[in-house]
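Sequence lines, in order, name chains A and B.
For the first sequence, position 81 matches number 81 in full-length UniProt numbering, and the numbering has no gaps at all.
For the second sequence, position 91 matches number 91 in full-length UniProt numbering, and the numbering has no gaps at all.
It should be emphasised that the hints constitute simulated quantities derived from the structure, not laboratory data.
There could be a bad hint or two in this list.
Stated by the list, open to error - With a cut-off of at most 30 angstroms between alpha-carbon atoms, the simulated DSBU-like pairs for lysine-lysine come out as follows:
| hint | chain 1 | residue 1 | chain 2 | residue 2 |
| --- | --- | --- | --- | --- |
| 1 | A | Lys191 | B | Lys133 |
| 2 | B | Lys11 | A | Lys186 |
| 3 | B | Lys11 | A | Lys34 |
| 4 | B | Lys11 | A | Lys53 |
| 5 | A | Lys64 | B | Lys133 |
| 6 | A | Lys53 | B | Lys33 |
| 7 | B | Lys133 | A | Lys30 |
| 8 | B | Lys54 | A | Lys34 |
| 9 | A | Lys30 | A | Lys12 |
| 10 | B | Lys107 | A | Lys186 |
| 11 | B | Lys138 | A | Lys186 |
| 12 | B | Lys33 | A | Lys31 |
| 13 | A | Lys34 | B | Lys33 |
| 14 | A | Lys156 | B | Lys138 |
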Amino acid sequence: MIHQFQKYLQEKIEITDEQFESISSVLKVKKFEKNEIVQYTGDNFKHGYFVGKGLLRAYSIDAKGKEHILQFAPENWLVSDRNNMNNEPSIFFIDAIEATEAVLMPNNFMEEAARQVPCLQPMQIKLLNNSIRFMQKRINMLLSATAEERYLDFIKLYPNLTLRVPQWMIASYLGITPESLSRVRKELANKHFRP
Amino acid sequence: METKQIEKVLKAPAPHMVGDGFRVHNFFPSGYKINMSPFFLMDYGSKIEFSARKEPRGVGVHPHRGFETVTIAYHGAVAHHDSAGNSGVIYPGDVQWMTAASGILHKEYHEAQYSLTGGPFQMVQLWVNLPSKDKMGKPGYQAIKQADMAHFDLPENGGKIEIIAGNYQGIKGNANTFTPIELYNARLNKGSEATFNFPEHFNTGFLVIEGSIKVNGSETAAADNFLHFKNEGEEIKIEALENSVILVLSGEPIDEPIVQYGPFLMNTQAEIHQAIEDYNQGRFGYLEE
């Protein structure tokens, strides 16, 4: 699993096996059962997660008890609550939709890595930019896109999740009602289905 | 004729839930790594009691492509709906043979009346692979009621062999298949015997649904065991040690590469990606939840 994380990093940034070796001693691997809560809102967690196998989701629950999914993290995705980095309590729950194996990455992992191996610094910024870009796109989608545009963007980003998570979770991620999602899928079928 | 010997008697693996309505033991491909091609998967719902419930348990809308699902009911009742417009109820003794081929959406729930009363539930679902040339064919649906099922009466009130597919003692089974398949429900009364003949190269297995049997005069097997036979010899003799029901499977292997992802069974990774894309884009049609 650690090796999978190494491969993931090496695809994104230039880091040699030796450099990875020198910073990887703080990484731990943990297994979560299906439906297990990985972290709770209000707690202060010391690490984020790299999913090697399985599926995590980060979500909040509003005053009416409704769940809002911020992010799915299937294989080769990172998920963490950045509030914890500022020593503020987390605002999300994270739980395992499927049995999951994840690498626990200390919150200061990239920072420490860049300190120990200075040439990683630009790479660390690259990863951060990537993450901000993703969030900007997501906010823009939620503010301006139609339900169909959101769904089409979702299946591009997460092609196989339509087979792995229930409809209501996809609707929750898209910020639309399950009925709207159903309507979108029906309209797509009307457009594309040729019996 | 040479006797076809048992390769191994396999116990039911630990069960898991499919949706909230089907508690199944997967004998293959997860439970045991055995070659049963053209049968790709066998989920066996051993007999359990479901409590009464107003809202039927089951599995919601999901897709399939590249194979056929064959559902065989022993206890309880399942209601089925699919995107090709087919629907029906599978009662004990009935068989539903659904050809997903190029793609279908379906849902399977406990039938409303059964759900209201609850009671024993026992079922088998098989995934039968399709040869490459038929994977993208038109979806199909064969509902086979027990009352209409072709059967062979065993001598001296020994019971009967119901022929779902294939040919037993010259009697042809009801289902049309894409490759040579023999599929029977053998219902034997205590003390009676039956003989089966399958080509050596066919992959063959018997699932004991009820009772217990003696096979080829030696090995015995009780309910919930699966007998996997060798690809040598042709003749299998069974004797019922009590009133017994045995699901008999035998088929000519499909010698083609297989790539499976979830509910899709294709020949290449590219075809799997295409299946996911087609499903997401609505090319499987639509079915109300």
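Going down the list of hints, with the structure as the test:
1. Lys191(A) / Lys133(B): 27 angstroms, holds
2. Lys11(B) / Lys186(A): Violated, because 44 angstroms separates the two Cα atoms, which is more than 30 angstroms.
3. Lys11(B) / Lys34(A): Given that 30 angstroms is the threshold and the Cα spacing comes to 26 angstroms, the pair holds.
4. Lys11(B) / Lys53(A): Distance of about 29 angstroms is within 30 angstroms: holds.
5. Lys64(A) / Lys133(B): Cα-Cα ~53 angstroms, so violated.
6. Lys53(A) / Lys33(B): Holds - the C-alpha atoms of Lys33(B) and Lys53(A) are around 22 angstroms apart, at most 30 angstroms.
7. Lys133(B) / Lys30(A): With Cα atoms ~44 angstroms apart, Lys133(B) and Lys30(A) exceed 30 angstroms; violated.
8. Lys54(B) / Lys34(A): 27 angstroms, holds
9. Lys30(A) / Lys12(A): 23 angstroms, holds
10. Lys107(B) / Lys186(A): 16 angstroms, holds
11. Lys138(B) / Lys186(A): 21 angstroms, holds
12. Lys33(B) / Lys31(A): It holds: about 25 angstroms lies between the C-alpha atoms, which stays within 30 angstroms.
13. Lys34(A) / Lys33(B): 24 angstroms, holds
14. Lys156(A) / Lys138(B): 28 angstroms, holds
Figure legend: structure checked against the earlier numbered hints; hints not met, in rising order: 2, 5, 7.
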